[in-house]
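Visitor: Mapped onto the working numbering, the consecutive letters of the sequence shown carry residue numbers 922 to 1121.
Simulated from the structure, these hints should not be mistaken for laboratory data. We put the CB at the ideal spot given by N, CA and C, even for glycine. Warning: the hint list may mix true and false statements.
Calculated cross-link-like contacts (lysine-lysine; reagent style BS3-like; alpha-carbon spacing at most 30 angstroms) [claimed, not checked]:
| # | residue 1 | residue 2 |
| --- | --- | --- |
| 1 | K1095 | K956 |
| 2 | K1112 | K1052 |
| 3 | K1112 | K956 |
| 4 | K1087 | K998 |
| 5 | K1072 | K1009 |
| 6 | K1052 | K1009 |
| 7 | K1110 | K942 |
| 8 | K956 | K973 |
| 9 | K934 | K998 |
| 10 | K1107 | K942 |
| 11 | K942 | K978 |
| 12 | K978 | K998 |
| 13 | K1086 | K1072 |
| 14 | K973 | K942 |
| 15 | K1095 | K1026 |
| 16 | K998 | K942 |
| 17 | K1097 | K1107 |
| 18 | K1107 | K964 |
| 19 | K998 | K1112 |
| 20 | K1052 | K978 |
| 21 | K978 | K956 |
| 22 | K1087 | K1072 |
| 23 | K964 | K1052 |
| 24 | K1072 | K978 |
| 25 | K978 | K934 |
| 26 | K1087 | K1107 |
| 27 | K1110 | K934 |
| 28 | K1052 | K973 |
Distance windows between CB atoms, simulated [claimed, not checked]:
| # | residue 1 | residue 2 | range |
| --- | --- | --- | --- |
| 29 | I933 | P1024 | 42 to 50 angstroms |
| 30 | P1007 | D946 | 23 to 31 angstroms |
| 31 | S963 | K1086 | 36 to 44 angstroms |
| 32 | P1004 | K1086 | 41 to 49 angstroms |
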Amino acid sequence: LTLRLLSQEDVIKCDGLNMQKTLEDMEIFFSLETKGEVIFPSKTILRWGDIKSEETKGRINCMPAYVGGSIDMPGIKWIGSAPLNPLKYNIPRASAVTILNDPDKLTPVAIMDGTLISAMRTGAVTGIGAKYLARNDSEVVGLIGAGVQNKTQLMALNEVLTNLKKVIIYDINKQKVHAWAEEMSKKLKLKIETRIIING
922 LTLRLLSQED VIKCDGLNMQ KTLEDMEIFF SLETKGEVIF PSKTILRWGD IKSEETKGRI
982 NCMPAYVGGS IDMPGIKWIG SAPLNPLKYN IPRASAVTIL NDPDKLTPVA IMDGTLISAM
1042 RTGAVTGIGA KYLARNDSEV VGLIGAGVQN KTQLMALNEV LTNLKKVIIY DINKQKVHAW
1102 AEEMSKKLKL KIETRIIING
C-alpha cells in the first residue's frame, strides 16, 4: 500500500494556490452534489464545554465526505480552531489535516496538510456565489476581517468579477489591516483601501 504524506509546501507544488482550478473543482463538486453523487454527513464537533466555550477554548471539527462521479474519493477533514492562537502563539486560528481513502479498498492513500485546501475551498465557494449572483458590472468589493479567509475570498472574487477595480478591507487591528492590504494589492494588482473598525 502506498500512503502519501503531503506538507503544505507539497500541496502548493500540486497547484494548491491555483484559485482558477479550485473554482473549477468546486463547480464540479456542486454539480455532483445536485445529482446526488455526494455523501456529506453532518460534522462532528469536539468542544471543551458549551458553544460559548469555543470563544476561548476553541473546537475541532471532524468532517467526512464522499465525492462521486469522476472524482470517486472518500475523505475527511480534521480542523482545529483556536481563536486565541494568533494572540498567544502568533500562529493562525485554524489548522487542518485532510485524509483521503481508496474508494474500493478504503485504505488511506494520502494524509495532507488541509489548512490551505480548506481556505482555498472557502474562498472558491464565495467566488462561485459571486459568479452567479453578483452584478456583472461590480467594481468595488468590501471585506470585513483581515485574515486568511478573506485572502482566498478576494483571490476568488478577483477571478470572477472581471470589472473589479477597488477593494475596501475593514478590521479592528490597524497593523494587521495595512499588512493585509499591502500583501494582497501586490499579489493581485488591485487597489485596496483600509478602514479601521472602532469598538464601542
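Visitor: Now, for every hint given, state plainly whether the structure supports it.
Guide: Hint check:
1. K1095 / K956: Answer violated: K1095 to K956 is near 46 angstroms, above 30 angstroms.
2. K1112 / K1052: 21 angstroms, holds
3. K1112 / K956: Roughly 40 angstroms separates the two Cα atoms, so the pair is violated.
4. K1087 / K998: 34 angstroms, violated
5. K1072 / K1009: 22 angstroms, holds
6. K1052 / K1009: 38 angstroms, violated
7. K1110 / K942: 20 angstroms, holds
8. K956 / K973: Not satisfied, since the Cα-Cα distance of roughly 37 angstroms exceeds 30 angstroms.
9. K934 / K998: 20 angstroms, holds
10. K1107 / K942: 21 angstroms, holds
11. K942 / K978: It is violated: about 35 angstroms lies between the C-alpha atoms, which goes past 30 angstroms.
12. K978 / K998: At roughly 20 angstroms apart (the allowed maximum being 30 angstroms), K998 and K978 satisfy the hint.
13. K1086 / K1072: 16 angstroms, holds
14. K973 / K942: Violated: K973 and K942 sit about 37 angstroms apart, past 30 angstroms.
15. K1095 / K1026: Given that 30 angstroms is the threshold and the Cα spacing comes to 52 angstroms, the pair is violated.
16. K998 / K942: Given that 30 angstroms is the threshold and the Cα spacing comes to 20 angstroms, the pair holds.
17. K1097 / K1107: This hinted pair holds, its Cα atoms lying about 16 angstroms apart.
18. K1107 / K964: 37 angstroms, violated
19. K998 / K1112: Measuring from Cα to Cα gives roughly 35 angstroms; hence the hint is violated.
20. K1052 / K978: Outside the cut-off at roughly 36 angstroms; violated.
21. K978 / K956: Violated, at about 39 angstroms.
22. K1087 / K1072: 15 angstroms, holds
23. K964 / K1052: At roughly 27 angstroms apart (the allowed maximum being 30 angstroms), K1052 and K964 satisfy the hint.
24. K1072 / K978: 25 angstroms, holds
25. K978 / K934: Not satisfied, since the Cα-Cα distance of roughly 34 angstroms exceeds 30 angstroms.
26. K1087 / K1107: Between K1087 and K1107 the Cα gap is close to 13 angstroms, so the pair holds against 30 angstroms.
27. K1110 / K934: Holds: K1110 and K934 sit about 23 angstroms apart, inside 30 angstroms.
28. K1052 / K973: The hint is violated at about 35 angstroms.
29. I933 / P1024: 42 to 50 angstroms: 26 angstroms, violated
30. P1007 / D946: 23 to 31 angstroms: 29 angstroms, holds
31. S963 / K1086: 36 to 44 angstroms: At 41 angstroms between Cβs, range holds.
32. P1004 / K1086: 41 to 49 angstroms: For P1004 and K1086 the Cβ distance comes to about 34 angstroms; the hint is violated.
Going through the hint list in order, the structure does not satisfy hints 1, 3, 4, 6, 8, 11, 14, 15, 18, 19, 20, 21, 25, 28, 29, 32.
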